[in-house]
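*Asks:* First to last, the sequence lines map onto chains Y and V.
With my numbering, the residue at position 39 of the first sequence is 39, and numbering never jumps.
With my numbering, the residue at position 86 of the second sequence is 86, and numbering never jumps.
Hint data in this document are derived by calculation from the structure and do not stem from the laboratory.
Each hint should be verified, as a subset may be incorrect.
Stated by the list, open to error - Okay, derived cross-link-like pairs now, DMTMM-like style, lysine to aspartate or glutamate, Cα gap no bigger than 25 Å in a straight line:
id	chain 1	residue 1	chain 2	residue 2
1	V	Lys88	Y	Asp346
2	Y	Lys184	Y	Glu77
3	Y	Lys348	V	Glu74
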Amino acid sequence: MSAETTIAEQNAEQNAEQKKCVIVGSGHSAAQLCVSLTHAGRSGKIPVEITVIGDEPHAPYHRPPLSKTYLNPAAPEPLQFIRPENFYRENSIEMRLGKRVESIDRQAKQVCLGGETIPYDVLALATGSTHRRPPIPGIDHPDVLTLQTAAQADVIRDRIRSDRCVVVIGAGFIGLEFAASLRKLGVRVAVLERMERVLSRVTSLDVSRFFEAMHRHHGVELHTSVNVTAVDEVEGRLVVRTENGSDFTADFVVVGAGAAPNDQLARQAGLDVDNGVRVNEYNQTSDPDIYAMGDCCNQFHPIYSAQLRIESVQNALDQAKTVAASILGKPVKQNTMPWFWSDQYDVKLQIAGVSTGFDQCLIRGSAKLGESFSAWYLKQGRLLAVDAINDARAYAVAGKLIPTGMCPRLELITDTNITPKELLQSAKEESNA
Amino acid sequence: MPKVTYVTPSGDEVVVNSDEPNLMQAAVTNQVEGILGDCGGVASCATCHVHIDPQWIDKVGPATDIEQGMLELEDNATDNSRLGCQVKLTPELDGLVVRVVGQ
Ligand SMILES: Cc1cc2nc3c(=O)[nH]c(=O)nc-3n(C[C@H](O)[C@H](O)[C@H](O)COP(=O)(O)OP(=O)(O)OC[C@H]3O[C@@H](n4cnc5c(N)ncnc54)[C@H](O)[C@@H]3O)c2cc1C
Ligand code: FES
Numbered sequence: 001m002s003a004e005t006t007i008a009e010q011n012a013e014q015n016a017e018q019k020k021c022v023i024v025g026s027g028h029s030a031a032q033l034c035v036s037l038t039h040a041g042r043s044g045k046i047p048v049e050i051t052v053i054g055d056e057p058h059a060p061y062h063r064p065p066l067s068k069t070y071l072n073p074a075a076p077e078p079l080q081f082i083r084p085e086n087f088y089r090e091n092s093i094e095m096r097l098g099k100r101v102e103s104i105d106r107q108a109k110q111v112c113l114g115g116e117t118i119p120y121d122v123l124a125l126a127t128g129s130t131h132r133r134p135p136i137p138g139i140d141h142p143d144v145l146t147l148q149t150a151a152q153a154d155v156i157r158d159r160i161r162s163d164r165c166v167v168v169i170g171a172g173f174i175g176l177e178f179a180a181s182l183r184k185l186g187v188r189v190a191v192l193e194r195m196e197r198v199l200s201r202v203t204s205l206d207v208s209r210f211f212e213a214m215h216r217h218h219g220v221e222l223h224t225s226v227n228v229t230a231v232d233e234v235e236g237r238l239v240v241r242t243e244n245g246s247d248f249t250a251d252f253v254v255v256g257a258g259a260a261p262n263d264q265l266a267r268q269a270g271l272d273v274d275n276g277v278r279v280n281e282y283n284q285t286s287d288p289d290i291y292a293m294g295d296c297c298n299q300f301h302p303i304y305s306a307q308l309r310i311e312s313v314q315n316a317l318d319q320a321k322t323v324a325a326s327i328l329g330k331p332v333k334q335n336t337m338p339w340f341w342s343d344q345y346d347v348k349l350q351i352a353g354v355s356t357g358f359d360q361c362l363i364r365g366s367a368k369l370g371e372s373f374s375a376w377y378l379k380q381g382r383l384l385a386v387d388a389i390n391d392a393r394a395y396a397v398a399g400k401l402i403p404t405g406m407c408p409r410l411e412l413i414t415d416t417n418i419t420p421k422e423l424l425q426s427a428k429e430e431s432n433a
Numbered sequence: 001m002p003k004v005t006y007v008t009p010s011g012d013e014v015v016v017n018s019d020e021p022n023l024m025q026a027a028v029t030n031q032v033e034g035i036l037g038d039c040g041g042v043a044s045c046a047t048c049h050v051h052i053d054p055q056w057i058d059k060v061g062p063a064t065d066i067e068q069g070m071l072e073l074e075d076n077a078t079d080n081s082r083l084g085c086q087v088k089l090t091p092e093l094d095g096l097v098v099r100v101v102g103q
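Work out the full structure, taking the sequences as your base and the hints as a guide.
*Replies:* Next up, the structure:
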């Protein structure tokens, strides 16, 4: 047998071993799965053959800047790619961009797109979420926009001019970040929030009040407890009408009213779906050959003993690592602590953990403009989460405490003479006692 | 385009000429091992931790308060630690040498 045929045979054998992995979606979790799968092949053979199918025309890019630094029309920022083009090429990752998967045929183990089928051994759903448009008459007007993709951000950036007037519906993170970006550019902006306070789903009253004061200080016209009832076009501009009778005129409107998981493909394929694709601790769906990760999936979280669907970069990355481990035959359970950030004006909010269901919130420091402070969320004495406002130390310490279930003595948390590092020490002593 | 040498965790020297805005992005674009840039460069993930070569630390400058906070509990943090995403690449930094800390 010649050396050549031996190598050919070896290659054939390797190829036969190589699982074919198809990833649907080309965002944060898709990119991380590519990174984690190919990392395993650093020392030679790449264990999986990867195809990524994404309906956006771009290779995976960082989404968070879209509502923050990306929007300045005077100094347009390029998209920031998660990995350079070379990375996909060098690892023989087939990028099918600008293509939408229409269905999954689980029997035949293939996905279908525009009359074409692509077979898989393992399938990873990384389809993300879609911003909701609340059911309001006029909400589908072409000047009512959402801010989720580069294409949408480009449309918005093109429309930003300092003489413009913008209305934002919804005071969640994206709505508030967008408002901050507009104010930095000198654009007039009104934010209309249905709930009594901003960020009401994710923060405590004190933190909400801090963000409200900050936005008003920067000139945002912020209204809470307002119900938008209609968006009408009047003489070429939009008029946003509210239940209490006040109208807001705008050149365009951006809706930031939360997102729904892109779980339709999974639903049609008969997978378990309930507010996202249901996955086990290995991010496996009810079909063991199909995984789901990122915004589109819903998982039981061991730290919180609750089903969670988390929209964050951290969650997308950590779940993708879990999927990679399973595909590579070295399964590990997903058990990482959620973390998140939001940048608005000169304020950096960093969140460790998830505060949902807290029964006590302690404020460390002074929740005043220009100050740094943190909000510590507890439930029955157990630390759930910390919101750190310009306080990376509190955030870093929380990141050590929450996964281990440790908590410092409560009276120390609010004592700013005690450093965050000392808090960690105190918590360790508590847990040893 | 400033030239930067990254010494990776496995000891390789990777020389990069880059017009990227900061040390993290220059590393990611050139696939430098050990720099991930998970948060995209906003000092929130610490996956871009580098040690600046002592000869360069004066030119690069010390870590800002937020970087120090992010790195305070890192065992590998030193006085020369910086988050790569917070180090702007300017022409003055041509020739810079940094050691990648890695995970
Ligand atoms: C403006 C904005 C700001 C944000 N800021 C922050 C922040 O500061 N910090 C933070 O942690 N998180 C932030 N997030 C959230 C974070 O970006 C997401 O949680 C993360 O991108 C989720 O990753 P993913 O892989 O699940 O989905 P995505 O990155 O959304 O990728 C999903 C991709 O799949 C595509 N797709 C869907 N269906 C199909 C189909 N059938 N066929 C082909 N392709 C399909 C979608 O078009 C999309 O490109 C922000 C999000 C937005 C929109
Ligand atoms: S890239 Fe996240 S801290 Fe630098």
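*Asks:* Give a verdict on every hint.
*Replies:* Hint check results:
Taken as a hint, the V:Lys88 and Y:Asp346 pair is honoured in the structure, with Cα atoms around 18 Å apart against an allowance of 25 Å. For the hint pairing Y:Lys184 with Y:Glu77, the CA-to-CA distance comes to about 15 Å; that is within 25 Å, so the pair holds. A C-alpha spacing of about 20 Å is found between Y:Lys348 and V:Glu74, which places the hinted pair at or below 25 Å, so the restraint holds.
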